[in-house]
Amino acid sequence: MTHESGGGRLVVDGLEKHYELDGAEVPVVKGVTFTIEPGTFTSLLGPSGCGKTTTLRCVAGLENSNGGEISLDGNVLSTGTRHVSPDKRDIGMVFQNYAIWPHMTVFANAVFPLQVAAGKLPKKEARKRAMEALELVQLDAYAHRPATALSGGQQQRLALARALAHRPKLLLLDEPLSNLDAKLRDTMRNELRSLQQRLGITALYVTHDQSEALSMSDRVAVMNQGRIVQEAAPRDLYYQPADRFVADFVGRVNMIPAIVRGRDGDGDALVEAFGARLVTPCPDSFGTGADVTVTFRPESVRWHEAAPDRPNLLPARVVRVEFLGEIVEYEAEILSGQTVVGTIVGRGAPLNSPSLHDPVFIELAPQACRVLAA
Amino acid sequence: MTHESGGGRLVVDGLEKHYELDGAEVPVVKGVTFTIEPGTFTSLLGPSGCGKTTTLRCVAGLENSNGGEISLDGNVLSTGTRHVSPDKRDIGMVFQNYAIWPHMTVFANAVFPLQVAAGKLPKKEARKRAMEALELVQLDAYAHRPATALSGGQQQRLALARALAHRPKLLLLDEPLSNLDAKLRDTMRNELRSLQQRLGITALYVTHDQSEALSMSDRVAVMNQGRIVQEAAPRDLYYQPADRFVADFVGRVNMIPAIVRGRDGDGDALVEAFGARLVTPCPDSFGTGADVTVTFRPESVRWHEAAPDRPNLLPARVVRVEFLGEIVEYEAEILSGQTVVGTIVGRGAPLNSPSLHDPVFIELAPQACRVLAA
Amino acid sequence: ASGAIEPSGGPVELAACDAVEVGAVTRCENFYDDYWPAISEQMDALYETAKQADGGRLVIWDWYELSPDVIAEFNEVYPDLKIETRGLTYNLSSAIISAKATGSRNTDVISGSLVSAATMTDEGYWADVDWTAFGVPKEFFTIGAPEMLPDSVNGSLMQVNTDKVAEAPATLDGLLDPQYEGKVSVASYNANVFAGYGMDKGEEAMTGLIGDLKSSGNLQVLEDQDSPLSSGDVPIALGQTLFNPNPSLSVSPYEDAGVFAQFSGVNVDAKNPAGGMLWSLWNAYNPDWLELRMTDERFSTTQVPFPGLPTSLFDSATGLMQTNSSALLTGLAGGAITETVDTRDDWIAMINAADAALNG
Amino acid sequence: MKIATIIAGAVIFLLLAIPLAVQVITAFRGPFLPFGVSTAKWSVENFVTLWSLRDDFWAVLGSTAAFVGGSTVLSLLMAFGLAWVTVRTDAPLRRVISVLVVVPFIIPPIVKAQAYLLMLSPESGVLNQLLRLLPGDLVIDPYSFVTMTFIQALTNVTFPYLMIVPILTSMDGSLEESARVSGASWAKTLRRVTLPMLWPGLLGVAVLTFILGLGSLEVPLLFGQESGKSIFALKLWNLISAGAGELPQYGLAAAWGCVFLVITTIAFVIYLRATRNAERRASISGKGFRPTVMKLGAWKIPVMLAIAVFVMLTAVLPLFALFWSAITPYPIAFSFEALVTQTQFGSFGAVLADPEFWASLGRTLVIAGGSATIACVAATVLAYGIARARRTGWTKAVDLFASSSVAIPAVIAGFAMFLTFMVINPVIPLAGTIVALIIAYSYRVSIAYRAGYSATLQIRMELEEAALVSGASPLEGFRRIVAPLLMPTVFAVWIQMFVLGTNEFTLPAFLATPESRPLSVYMYAMISPRSAQLYQPDQGAAMALIFTLLVFAIGYGLQWGVSLFAIGRAKRRNPIPGVGTAEVVPPADPVAPDTRAVAAQDLEERRQLARR
Ligand SMILES: Nc1ncnc2c1ncn2[C@@H]1O[C@H](COP(=O)(O)OP(=O)(O)OP(=O)(O)O)[C@@H](O)[C@H]1O
Ligand SMILES: Nc1ncnc2c1ncn2[C@@H]1O[C@H](COP(=O)(O)OP(=O)(O)OP(=O)(O)O)[C@@H](O)[C@H]1O
Ligand SMILES: [Mg+2]
Ligand SMILES: [Mg+2]
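Protein chains in written order, with our numbering: chain P, 209 to 582; chain R, 209 to 582; chain B, -9 to 350; chain V, 78 to 689.
Take the hints with a grain of salt, since some may be wrong.
Stated by the list, open to error - Using 27 Å as the maximum straight-line C-alpha spacing, the simulated BS3-like pairs for lysine-lysine come out as follows:
{"#": "1", "chain 1": "V", "residue 1": "265", "chain 2": "P", "residue 2": "331"}
{"#": "2", "chain 1": "V", "residue 1": "265", "chain 2": "P", "residue 2": "332"}
{"#": "3", "chain 1": "R", "residue 1": "377", "chain 2": "R", "residue 2": "328"}
Source of the hints: derived by calculation from the structure; they are not laboratory data.
Please construct the entire structure, taking both the sequences and the accompanying hints into account.
Dropping the structure here:
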């Protein structure tokens, strides 16, 4: 099959968007700036209401921005005042609720973008391309069904085929998987990513599910309250969150408030948290006496029945043990009364997990800790 | 607070339910039998459409069964022909989509079951108990809000308070968490479980999410096509699935078709799978020459760059590596063309994971394998 | 059945009529002097009977609803009768027959012209009342039947808005003049304005005239003729009523206009026949009431009191009633064609032919 | 619960079945009344006569199709345009427009028709006077077929408007947005996606508007004496008005009615199909629903201009014509000279002093309120029972039957009711009473039934089941959960039926007597020269104005009151001792699309709220 969408370079610079609410202008997107390189997959990740959808809709042209510039391959799509209309932007979009047209067949849905395009294709060519798009998502066998006779996953695939049929430079996706059930979501996630790579199309993906964002993206931009707080590759995001918000939002994290007490020979900091002393790498910007937060992931927590001779050990008591199949998760209460969550994985997990109410020692390996501003 | 629901013993024996569809009677629940001991938490787990909800609704009395008996603490609630009406069954129920009455306040929702109960409580007492139920779910501060002004999680909590307000013997829950988003689902899961334990109420929980079932339940009954295929404690279910269906449905699993070729000294079987020979424990019921399926969980797969001197090594090529935060998941193609999924967990995961397209050796530790009928 | 009502003290001895011919009608100039006192006496007796019948209830269904003012006038003289009225435009016969068929309370009084009451006549709904026995001059019963008390006449007139049209033509043919294009109106139910012409000149001439009037665009069929007449949009109205106080409106008779005597009487199905008789006599002849009708704008209608009544009554008319009655009487005296029992069916045929030509 | 359903079903059956049966019997019995007249006998004579008049029949069919069809298409176009502007664009003054569109709905159609007549008089009509001010020799002939069709369309715009608004409101905007990003322009999106999507719903509206138009007599009566005399409603009216020396031809009229019932039944089946489709399509719109608003931009001026013309034609000028008529002693053309010398305001006082005005106003309110209540209660209970019952042949039949009165034009219903009350009068003497009118008005029960049915479907079963497992009996569950949730819909329908009832003319034209006549009939008597001594055009017009104002106030007042009540209820509830009051936060998301069935009134209500 010969489907070369190819990707465009999207530049969003200082995007602003207000909504009018009860007469007042409420800013929703506040100077969002990012660039997507051609052919890459970028996710906008953030909690509900942070402005992800609004940003995406501004890029699509479904909302008119109030400021900032959006350009695709150097063509300015939108400034604060002039806006290219959505049908002239050369984009494809997949909506959260599929937005499949129920009065058309599967094929009619897919061929629509090719029929309405400005430079109209000959009928035959349009038909060929629509079928190609359907093949791409393995719906070619269903072409003549009414679109309503598809299952949820199939509808989502059709939405994708429709968004790709006219070979746009940019593909926008707004939580396309959130209406699917867990198993289907996994499958579609893989399909979506491999399709995007195969076609080399530029993709901007909106989600509030961190595992979706991490697994699919080349870059992830984390949004909060209308601003982008960190933009990085998935691993960097996970292991080097810029602040507490990102650390918490991307994956599960334990956070302990602490005070920097000094530095050891390696340049690692000595911090005090509830009486206990921890050794941890620490940016030099935090001087002695600074209030900080020590963060560490559950999977890097280790537990011991007796204290080995290693730094960063906290006595604790197990207050919850939960068998999740692949993983056993436990919660241990440290002296301060705060709890730390740890996970144990693998075949041996149940055997290696602590028992409820046991006194244990929690080990936080220094290299697993990260210090952030309080 | 003094809330002693206490639990009842639910016995479901040979439950049958048909629906009429286009004139024909379609059996949906086919002889379901199980017992729930007082104060325990049992989940009905199964794929969509397997009849979980129908079973639950028969217990609630919202559907009339066509056969079998349901009794609570020895009181017969339902036989194939006589049915106690739902309002006389002394149960509480939480619905998937909350089913909060939108025209009432939070308090009015909670007090409703106390107002309509047969032996009507004095007004004051009803009010007190409703407030207790709201306290239980920490909604007492919201008592005077319209119920629609609650967030999703709060609505779910209110539904719980309402189901508990009249201190029923049995609590029924139909996928109560499936409409919540991931973070909230985790929180509510813990809350729900600890509340159930605190009150000692008997709970029957319906879900198609295995991690929910595993983490919350004392017992899990796996349903498929209207029948219960295995009923066991969570860990037994995970590690000793009765058949391929359970193995696949409860957690992720790799399955490789194989033929039994013989036994070694320890009684473990030697099986042949695509030319490779594997050693694995195997029930004696499978004789030499039997077609079997070797199953193993992704987390028990290990990979090596060079083959160590151990049994059960399969040469393979990595075809997918996915960073999911806590976990890195990879897929390796073995010689037969089939793929095996493995996971690596913990802080070191990214460092310990294979690279895409690398040739590797996949190790399946014998004790991690389980042989099931083909 | 209700013919049973007898004049109190036996039939009244009738005086000799001081007769004047007004077209087809005989006028008794001495009516109020020599007849009325006896009638009045009989009416007092009828009133006493009527009060007892059906709890003093008097049901009057008419083509038009009686206005509350009229009822008030009646009750001023006869306070103990409670009148219930209905206006049943163009459905009176059907309502009376239906009521009888379904057994509901029927009207005590029936009314209409020979034509409009034809069904009631044919189905035998006029109770057998000998009005002359109650003192009404026998000269009044030359047009209709003895049980039908003549109470008024009406006829076809032309109404003109003098702001727009100086003078109406004296004939229907005159309306064909191009100057009247779009200026003449008639109501769909008023085909009878042409019937007199037809009775005189023959059906063909009549339908031809109607056809010409319509095709020339001079004549329009309207449901509401009054507003355009008054505002001047359609300044000539055929057969239109005269309730409009607009001073620019005038009325004139035209050649071959029909004049129709109107009768009232007692329903055979009446529950209060005495009341019915009382109402009919009062409405037709009571001098105070008629005087009021001739002078008070509230009571003006197209109907003019029976021309058999003395000239003095008509001379007392003022305002709209004066224009109206003098036009009608002029027409009548000038030989306007009047329907009689003998010609009734011809009239009906003629009206239906006109109707077909007008609305078909 | 079951018993209540059966009672409601029986009430609706009696309301609809008996009149129709009487009509069919009449069609097959002699020429006059079906029973009690010696000449009546079973025969197909009426149909034979009908056949012998078949040229006439085809003319009626053609003329009716042109008139009703034309006016339906026109009013749908206008209603769709208006609904679009008020729901889907950023046009200024949308609230005001949506109120003004409702004004003509309130004026009784017969008075409205009279107002148009006054407004359109070639010389004196205010519209033609206005047109004369423009260059070109434009004069509208009020009596032409085209004018009549257009007027019918104008008078009927509100009804489809009220039905289209919720359809547009509930359409999932992302369906259009996805067309836009697929590269379709606004126009293409409208043509390829929006209209086809809305098509089933619009078809339903079209059929209802068509049937409504088929049944309305007013415009043909006043405008169509020549050009529209073959229009069905007027034809039926003329058939039952007797010719000279004859009785009305009830039997023949009934036969006509039967034939047209067949036609409307076909339309009705189309309607049912269409709405069923619409329900199916509506069900797939998911969450994340938000209505999209079109920016008018440069189109703002022409759009507002068009709306201004529309409002002029439907509200301002007719009301002005009525007002002019009210302040002049007799009909005269508008002129400033007349304004100075001729005007008088006594008619308003005269109306207010007229006891008959108050009496008939009272009757109107009783009849409209009573019938709306009967219809709403019976329809809601039955709709609930049917919507929740298992679908069997029986429930389908009941469903169909209870929906069927939308297929009965008002003329036929009025006539059938008239016959019915005549026939049953010896046993149950109701003819001519207010009770008869209440029963007759209630025949529109299907409007309430359809609304109740779809509103019930919108109430998720779980809400009731939750009540059951909480220990409430089914009846209690209905009373405490379902009834309050259905209330907004039922109330919206009640208001709609109430307003329809207050301005109903066709039904009382057949049924009312002076003792039972509602204001619409009294008003018509005042403005129709046919009613002899009652004719008082100035007072009639004044009465119409007062009445319009009053109904407007009652309708909006009730709505306002109810929404106030709904808000207040949660707040007024006694606080529970020992519990601090948490401040009320509005829900984060719009409360699901569940509530969207609640017709235009719901929207109206929210607007009321927003205004506060
Ligand atoms: N049309 C609108 N009018 C007014 N406010 C709006 C409108 N659309 C969105 N908002 C507000 O703007 C904010 C951002 O909305 P947006 O839909 O972009 O969030 P989101 O990040 O996509 O959230 P979610 O994950 O829930 O979809 C929210 O507070 C929302 O309430
Ligand atoms: N009222 C009904 N009439 C006919 N069939 C029904 C009805 N309710 C459920 N079914 C069918 O019965 C089967 C079992 O339904 P049930 O709702 O119990 O499934 P479930 O296990 O709860 O599935 P899910 O996880 O999707 O909720 C399904 O095939 C469903 O289509
Ligand atoms: Mg969003
Ligand atoms: Mg279910």
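Right, here's what the structure says about each hint:
1. With a C-alpha separation of about 17 Å, the suggested pairing of residue 265 of chain V with residue 331 of chain P holds against the 27 Å cut-off.
2. Between residue 265 of chain V and residue 332 of chain P the CA atoms are separated by roughly 21 Å; this keeps the pair inside 27 Å, and the hint holds.
3. Pair hint residue 377 of chain R plus residue 328 of chain R holds up; C-alpha atoms about 18 Å apart against a cutoff of 27 Å.
Violation of the numbered hints given earlier is absent; every hint is satisfied by the structure.
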